[in-house]
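*Asks:* Could you build all of it, start to finish, from the sequences and the hints given here?
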Amino acid sequence: MDFLPALTCTGVNHLGLREYYKIHSFQSVLNQLVMGTCLYLGAVILAVFIAAGAEPDIKVVCARDSVKVKWRVSSPFVPYAARLFLGSCMPSKWQLLPSGDGEAFFDYKFSECKFTKQIKGRNVVYRNELSFRPQAKGRPVVFKQPIECVYKRPEGWIPPFLNPGSGVSEGHSNLVFHMALLNEQLTGVAKTNVIPLGSFMPIWAAVEQKSHQPLLLLMDECVAATTPKLNPSSQVHQIVGNHGCLLESKRGSAVFLPRYHSSAIILYIQAFNFGLGDEVYIHCNLVVWDEGGLGQSRKACHVKDHGSWELLDDPSRSSVCSCCDSVCSSKAKRSVGGKEFGTSKFKRFMK
Numbered sequence: 001m002d003f004l005p006a007l008t009c010t011g012v013n014h015l016g017l018r019e020y021y022k023i024h025s026f027q028s029v030l031n032q033l034v035m036g037t038c039l040y041l042g043a044v045i046l047a048v049f050i051a052a053g054a055e056p057d058i059k060v061v062c063a064r065d066s067v068k069v070k071w072r073v074s075s076p077f078v079p080y081a082a083r084l085f086l087g088s089c090m091p092s093k094w095q096l097l098p099s100g101d102g103e104a105f106f107d108y109k110f111s112e113c114k115f116t117k118q119i120k121g122r123n124v125v126y127r128n129e130l131s132f133r134p135q136a137k138g139r140p141v142v143f144k145q146p147i148e149c150v151y152k153r154p155e156g157w158i159p160p161f162l163n164p165g166s167g168v169s170e171g172h173s174n175l176v177f178h179m180a181l182l183n184e185q186l187t188g189v190a191k192t193n194v195i196p197l198g199s200f201m202p203i204w205a206a207v208e209q210k211s212h213q214p215l216l217l218l219m220d221e222c223v224a225a226t227t228p229k230l231n232p233s234s235q236v237h238q239i240v241g242n243h244g245c246l247l248e249s250k251r252g253s254a255v256f257l258p259r260y261h262s263s264a265i266i267l268y269i270q271a272f273n274f275g276l277g278d279e280v281y282i283h284c285n286l287v288v289w290d291e292g293g294l295g296q297s298r299k300a301c302h303v304k305d306h307g308s309w310e311l312l313d314d315p316s317r318s319s320v321c322s323c324c325d326s327v328c329s330s331k332a333k334r335s336v337g338g339k340e341f342g343t344s345k346f347k348r349f350m351k
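Numbering (the UniProt record's numbering), first residue to last: 1 to 351.
There may be inaccurate statements among the hints.
[Said to hold, decoys possible] Mimicking SDA-like on lysine to any residue, the simulated pairs with C-alpha atoms at most 25 Å apart in a straight line are: (1) Lys210 <-> Cys89; (2) Lys117 <-> Cys149; (3) Lys191 <-> Phe105; (4) Lys114 <-> Arg72; (5) Lys93 <-> Gln118; (6) Lys93 <-> Thr192; (7) Lys68 <-> Pro154; (8) Lys250 <-> Gln270; (9) Lys144 <-> Asp65; (10) Lys114 <-> Leu97; (11) Lys210 <-> Leu97; (12) Lys117 <-> Asp107; (13) Lys59 <-> Tyr151; (14) Lys70 <-> Leu97; (15) Lys68 <-> Ile58; (16) Lys70 <-> Asp107; (17) Lys93 <-> Lys210; (18) Lys114 <-> Val60; (19) Lys109 <-> Asn174; (20) Lys59 <-> Leu97; (21) Lys59 <-> Pro146; (22) Lys144 <-> Pro258; (23) Lys210 <-> Pro258; (24) Lys144 <-> Gln118; (25) Lys144 <-> Ser74; (26) Lys117 <-> Arg64; (27) Lys152 <-> Gln270.
Think of the hints as simulated: they come from the structure by calculation, not from any bench.
*Replies:* Structure, rendered in structure tokens:
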């Protein structure tokens, strides 16, 4: 099966998603991986890796300007497929084998995933590494394997420092967005859209990076509503507001998960009685922004265990979240992409 959900919407910043996205109810044990008590999990997985004792089953094919990697992992790691990386990129495809093992496929250009380029004599070398990171970004990597593609240096090539000048990087194209409700392993779209009250649900959104400059995806606003299209008669319950403030996190029932890539974001929220009936639609207003341009009008903020607002992408700059309890400025300097509403539907039932 494809690692990314097949439900997409193509257009200039257009998210007209009306399919019934699916959700799978699950226990909060995943919080151990998400909410900070993941050291034990990392130790267990590391022990399994050591016990395996065999060389990793990894195959690499270097193309003209890209690389294809197939990484086969044993069954204990299948539930954690979302924690396999090539550089900064998740698998572009995931396949579960009849044996219970899994295969992660990576198919990316050297301009993606934070490949490094080095000139060595007559060769051009592109380097990256495969890694398994069961814990959040910044924690130790359990496993890593270097990936290298070597090419002959083009004739007449001159290093940039010998050819001084200036340049401008620009991009003009349509953006492709994805939005879905994920399963408990965060590996794909869930198999049911029926959610028991009190269960946690991951709402995933992403924009395809392709050859764009680095893109940062933000949830500017999310609401739960009674209708698939927002209109003046819709009953709504605000989840994210004030330009990226996760309001539900003040109740301790929601959090933004650590990013696996800047172009994707996962809202992890507990299903509760919104007071809107049995069928609820989640509408999210997505913004694509410059990674270096975070501020009061463009941010992803949530309340953590210490009770204070924290900036998802750089906790040291959490002061930009101080307006979440009042009114955040709507003044913005620069936008990479506009914003539209995407919609996911789910049903709830009482256990």
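*Asks:* Each of the hints needs a verdict: does it hold here or not?
*Replies:* So, going through the hints one by one against the coordinates:
{"no.": "1", "hint": "Lys210 <-> Cys89", "in the structure": "holds, 12 Å"}
{"no.": "2", "hint": "Lys117 <-> Cys149", "in the structure": "holds, 10 Å"}
{"no.": "3", "hint": "Lys191 <-> Phe105", "in the structure": "holds, 22 Å"}
{"no.": "4", "hint": "Lys114 <-> Arg72", "in the structure": "holds, 22 Å"}
{"no.": "5", "hint": "Lys93 <-> Gln118", "in the structure": "violated, 28 Å"}
{"no.": "6", "hint": "Lys93 <-> Thr192", "in the structure": "holds, 21 Å"}
{"no.": "7", "hint": "Lys68 <-> Pro154", "in the structure": "holds, 22 Å"}
{"no.": "8", "hint": "Lys250 <-> Gln270", "in the structure": "holds, 13 Å"}
{"no.": "9", "hint": "Lys144 <-> Asp65", "in the structure": "holds, 23 Å"}
{"no.": "10", "hint": "Lys114 <-> Leu97", "in the structure": "violated, 29 Å"}
{"no.": "11", "hint": "Lys210 <-> Leu97", "in the structure": "violated, 29 Å"}
{"no.": "12", "hint": "Lys117 <-> Asp107", "in the structure": "holds, 18 Å"}
{"no.": "13", "hint": "Lys59 <-> Tyr151", "in the structure": "holds, 18 Å"}
{"no.": "14", "hint": "Lys70 <-> Leu97", "in the structure": "holds, 13 Å"}
{"no.": "15", "hint": "Lys68 <-> Ile58", "in the structure": "holds, 11 Å"}
{"no.": "16", "hint": "Lys70 <-> Asp107", "in the structure": "holds, 9 Å"}
{"no.": "17", "hint": "Lys93 <-> Lys210", "in the structure": "holds, 16 Å"}
{"no.": "18", "hint": "Lys114 <-> Val60", "in the structure": "holds, 17 Å"}
{"no.": "19", "hint": "Lys109 <-> Asn174", "in the structure": "holds, 19 Å"}
{"no.": "20", "hint": "Lys59 <-> Leu97", "in the structure": "holds, 17 Å"}
{"no.": "21", "hint": "Lys59 <-> Pro146", "in the structure": "holds, 12 Å"}
{"no.": "22", "hint": "Lys144 <-> Pro258", "in the structure": "holds, 20 Å"}
{"no.": "23", "hint": "Lys210 <-> Pro258", "in the structure": "holds, 22 Å"}
{"no.": "24", "hint": "Lys144 <-> Gln118", "in the structure": "holds, 20 Å"}
{"no.": "25", "hint": "Lys144 <-> Ser74", "in the structure": "holds, 16 Å"}
{"no.": "26", "hint": "Lys117 <-> Arg64", "in the structure": "holds, 14 Å"}
{"no.": "27", "hint": "Lys152 <-> Gln270", "in the structure": "violated, 53 Å"}
Hint compliance for this structure: hints 5, 10, 11, 27 are not met, and every other hint is.
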